[in-house]
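2 protein chains.
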Amino acid sequence: MASTFDFAVRAVDGQARLGEITTPRGVIRTPAFMPVGTAATVKAMRPEAVRALGSDIVLSNTYHLMLSPGAERIASLGGLHSFMNWPHPILTDSGGFQVMSLAKLRRVSGNGVTFQSHIDGSRHELTPERSMAVQRLLGSDIQMQLDECVRLPCPRDEVARAMLLSLRWAERSKAAFGEQPGRAIFGIVQGGTETDLRVESTEALVEIGFDGYAIGGLAVGEPQDAMLATVEAIMPRLPPDRPRYLMGVGTPDDLLQSIVRGVDMFDCVMPTRAGRHGMVFTRHGRMNLRNARFADDPRPIDSLSSSAMARDYSRAYWRHLVKSGEILAMMGLTEINLAYYQHLMAGARRAIGEGRITAFLLETARGWAEGEARNR
Amino acid sequence: MASTFDFAVRAVDGQARLGEITTPRGVIRTPAFMPVGTAATVKAMRPEAVRALGSDIVLSNTYHLMLSPGAERIASLGGLHSFMNWPHPILTDSGGFQVMSLAKLRRVSGNGVTFQSHIDGSRHELTPERSMAVQRLLGSDIQMQLDECVRLPCPRDEVARAMLLSLRWAERSKAAFGEQPGRAIFGIVQGGTETDLRVESTEALVEIGFDGYAIGGLAVGEPQDAMLATVEAIMPRLPPDRPRYLMGVGTPDDLLQSIVRGVDMFDCVMPTRAGRHGMVFTRHGRMNLRNARFADDPRPIDSLSSSAMARDYSRAYWRHLVKSGEILAMMGLTEINLAYYQHLMAGARRAIGEGRITAFLLETARGWAEGEARNR
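Top to bottom, those sequences are chains A and B. Note that numbering that gives the first Met the number 0 has the first sequence beginning at 0, numbered continuously upward. Note that numbering that gives the first Met the number 0 has the second sequence beginning at 0, numbered continuously upward.
Fair warning: there could be bad hints in the mix.
[Said to hold, decoys possible] For the chain B half of the interface with chain A, some residues (derived, Cβ under 10 Å), not all of them:
| no. | residue |
| --- | --- |
| 1 | Val35 |
| 2 | Ala38 |
| 3 | Val41 |
| 4 | His63 |
| 5 | Ser67 |
| 6 | Ile73 |
| 7 | Ser81 |
| 8 | Asn84 |
| 9 | Arg292 |
| 10 | Ala315 |
| 11 | Lys322 |
| 12 | Ser323 |
| 13 | Trp367 |
Think of the hints as simulated: they come from the structure by calculation, not from any bench. Note that this is a predicted model, so its numbers are computed, not measured. Note that CB positions come from ideal geometry on N, CA and C, so glycine has one too.
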């Protein structure tokens with residue numbers, strides 16, 4: 000096992016990169032998709048199944064864990080890895096995004112943000128120092144700076160203010176992170192879809208110097224081409240020897256489009272949340288298992304999936320389970336989606352190694368289009 | 000594989016019996032606990048996990064499946080075993096109990112029972128012939144006669160009327176079952192806690208002749224000693240070469256107390272339902288994981304459980320998951336309970352084979368009492 004946090008690019012194909020992050024807790028093959036384990040569990044999944052589907056790392060949420068069961072409690076129980084029985088790498092976010100999206104009565108000052116818990120209304124303060132302290136208590140392998148996210152669309156001066164505040168918090172976060180051998184801290188590029196603000200944010204973060212760089216504040220409702228244009232503006236300004244993480248993205252197509260633009264890491268609730276609501280992603284596109292047309296369909300969801308749930312049960316059965324609100328529907332469809340997302344990442348990694356990522360993207364998109372046309 | 004349905008008693012210990020039911024779909028070791036898979040799924044469990052915990056057979060509910068997704072649909076999809084990916088034996092109830100407990104506007108006539116679906120209010124009729132037709136369409140290995148259950152307490156004349164009606168339906172059910180090689184039909188003893196009515200019901204059913212005999216209408220709120228007294232009155236009147244099934248029972252103690260009185264088969268929602276509500280059954284008694292005293296408890300639920308969920312996670316983690324409403328809590332605690340129920344059955348079978356079932360019952364009850372005293 001490595002004793003340090005390192006990243007190596009093994010192959011490039013256009014802007015796409017095949018790489019490996021090494022950590023004392025294991026290797027993360029990139030491009031990597033990180034399933035979201037908000038409250039110390041990837042919803043409806045056992046950790047060993049998350050691993051078996053090809054996940055090298057999961058994300059967990061600082062905001063949720065600091066509120067319940069509490070970071071100090073998790074630390075006294077041996078840390079987050081032990082708590083959730085996931086011995087592999089964990090990335091924690093800073094809590095900033097959830098404060099924006101979930102908390103009540105949020106107030107941002109230069110020092111940090113005060114808010115009320117969405118659970119019980121209790122008052123809390125999140126500063127760069129507290130966010131880093133919580134992430135350290137959790138024992139996170141990749142810790143994120145505290146940033147301020149704005150909702151898009153947003154007036155330019157508000158985007159600029161939040162970006163500049165996030166830069167000040169980046170410096171404080173890095174100082175608070177200190178030295179944690181084998182662990183990493185990532186900075187977060189902000190600036191909405193204002194290209195010059197994104198460039199300014201990127202250059203200032205690189206100047207501060209981080210173990211990796213994330214792009215935050217996207218996938219918040221803007222069109223895909225605006226997101227990709229922002230990614231394109233940022234990528235050439237990031238150091239090539241550091242991992243690049245596009246936060247909260249996205250659909251299978253978002254992932255492939257971002258990989259060909261040089262992104263190495265992703266997280267998103269989409270596969271898990273969609274699975275809990277009866278929607279699956281497959282080689283043949285999306286399927287909504289609530290749809291009555293599956294009621295008598297004896298075919299499996301995807302006979303080539305790495306998940307037995309996609310192979311050994313009929314679409315009619317899944318439709319029945321979804322309609323009946325059965326827990327097995329959430330378990331099975333979540334697994335099918337994570338299997339597909341990890342299958343897609345494995346395919347992308349192989350394709351980059353073989354210098355054919357563009358062909359892979361086109362073939363994959365053709366599979367989705369043909370499948371959805373057949374199902375229409 | 001056997002081509003016929005058979006039952007053999009391998010050992011007796013007092014009234015307790017160690018046996019084997021052989022069916023074309025596999026052997027059922029008795030005493031057997033059948034997890035309940037109401038809507039063609041044991042809630043929050045994958046079928047292969049249900050099997051791995053030691054279940055030889057599951058129960059599924061005729062009432063639910065005839066309403067949704069429909070027996071004809073399941074038949075056209077290849078039958079219930081294929082539908083739910085459970086290739087092992089399945090017992091289906093007759094639908095009578097759920098019509099009593101769930102359906103609206105129930106009306107019983109000599110012919111059968113008309114009712115409105117609890118799901119959509121649609122009108123349905125369940126007759127002995129329809130119940131058997133549904134169970135045949137499902138492909139059930141052990142089919143139950145239609146009976147009328149009364150809620151206890153209940154006036155004696157009402158209990159008697161329902162018992163006599165159930166006997167007429169027993170004859171019609173048997174005729175409708177016809178010849179289904181390798182499959183079985185069980186009669187159901189009714190009569191509330193009126194011993195003479197139970198005896199009358201038993202003797203009339205044996206006269207008709209069934210592949211097995213069930214005791215219905217118990218575990219509906221009466222005290223345990225009333226239930227056991229009823230079991231004791233019935234047992235000596237049942238043919239020793241046929242399996243005996245106590246329906247809807249019960250707690251771990253109910254199971255052991257019934258086994259020493261000669262019962263071979265059980266089903267109950269208790270382990271699965273309790274698991275979904277944060278309660279577990281263990282060698283050390285019950286634990287309610289909602290309880291705040293587990294918030295910082297680093298110990299596993301049961302380090303000797305056959306379920307990794309009981310061994311590899313702390314009580315503090317389960318308390319966190321239960322409190323947060325996480326699906327993994329329902330998955331894990333259900334599995335822990337089924338593991339314990341099947342562990343208990345395996346222990347009882349071994350003890351009967353060794354002629355020490357009474358000692359086993361006492362040891363087991365001592366474990367519960369000591370554990371619960373420690374936890375108090």
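Problem - Interface hint outcome for lysine 322 (chain B) [beta carbon to chain A under 10 Å] - result: holds (7 Å)
Handout entry: Satisfaction of the arginine 292 (chain B) interface hint, Cβ to chain A closer than 10 Å
Key = Arginine 292 (chain B) check fails; min Cβ-Cβ to chain A is 14 Å, beyond 10 Å.
Exercise for the section: Double-check serine 81 (chain B) for me: the hint is only fine if its C-beta lies closer than 10 Å to a C-beta in chain A. Expected result: At 8 Å from the nearest chain A Cβ, serine 81 (chain B) passes the 10 Å test, so the hint holds.
Handout entry: asparagine 84 (chain B) as chain A interface residue, shortest Cβ-Cβ below 10 Å
Key = holds (5 Å)
Exercise for the section: Hold the hint about alanine 315 (chain B) up to the distance rule: shortest CB distance to chain A must be less than 10 Å. Expected result: holds (5 Å)
Handout entry: When the least beta-carbon distance from tryptophan 367 (chain B) to chain A is tested against 10 Å, hint result
Key = Where the cut-off is 10 Å and the nearest Cβ of chain A is about 27 Å from tryptophan 367 (chain B), the hint is violated.
Exercise for the section: Grab the minimum C-beta distance from isoleucine 73 (chain B) to chain A and call the hint holds if it beats 10 Å, violated otherwise. Expected result: holds (9 Å)
Handout entry: chain A contact restraint on valine 35 (chain B) - CB to CB distance below 10 Å
Key = violated (13 Å)
Practice task
Return the status of the interface hint for histidine 63 (chain B): holds when the least beta-carbon distance to chain A is below 10 Å, violated otherwise.
Solution key: Given a least distance of 8 Å, the restraint on histidine 63 (chain B) holds.
Practice task
May I ask you to test the interface hint for serine 67 (chain B) with respect to chain A, counting a Cβ-Cβ separation under 10 Å as satisfied?
Solution key: Where the cut-off is 10 Å and the nearest Cβ of chain A is about 6 Å from serine 67 (chain B), the hint holds.
Handout entry: Cut-off 10 Å, beta-carbon criterion: hint that serine 323 (chain B) touches chain A
Key = holds (5 Å)
Problem - Restraint check, 10 Å cut-off on beta carbons, for alanine 38 (chain B) near chain A - result: holds (5 Å)
Violated hints, in rising order: 1, 9, 13; the structure is consistent with all others.
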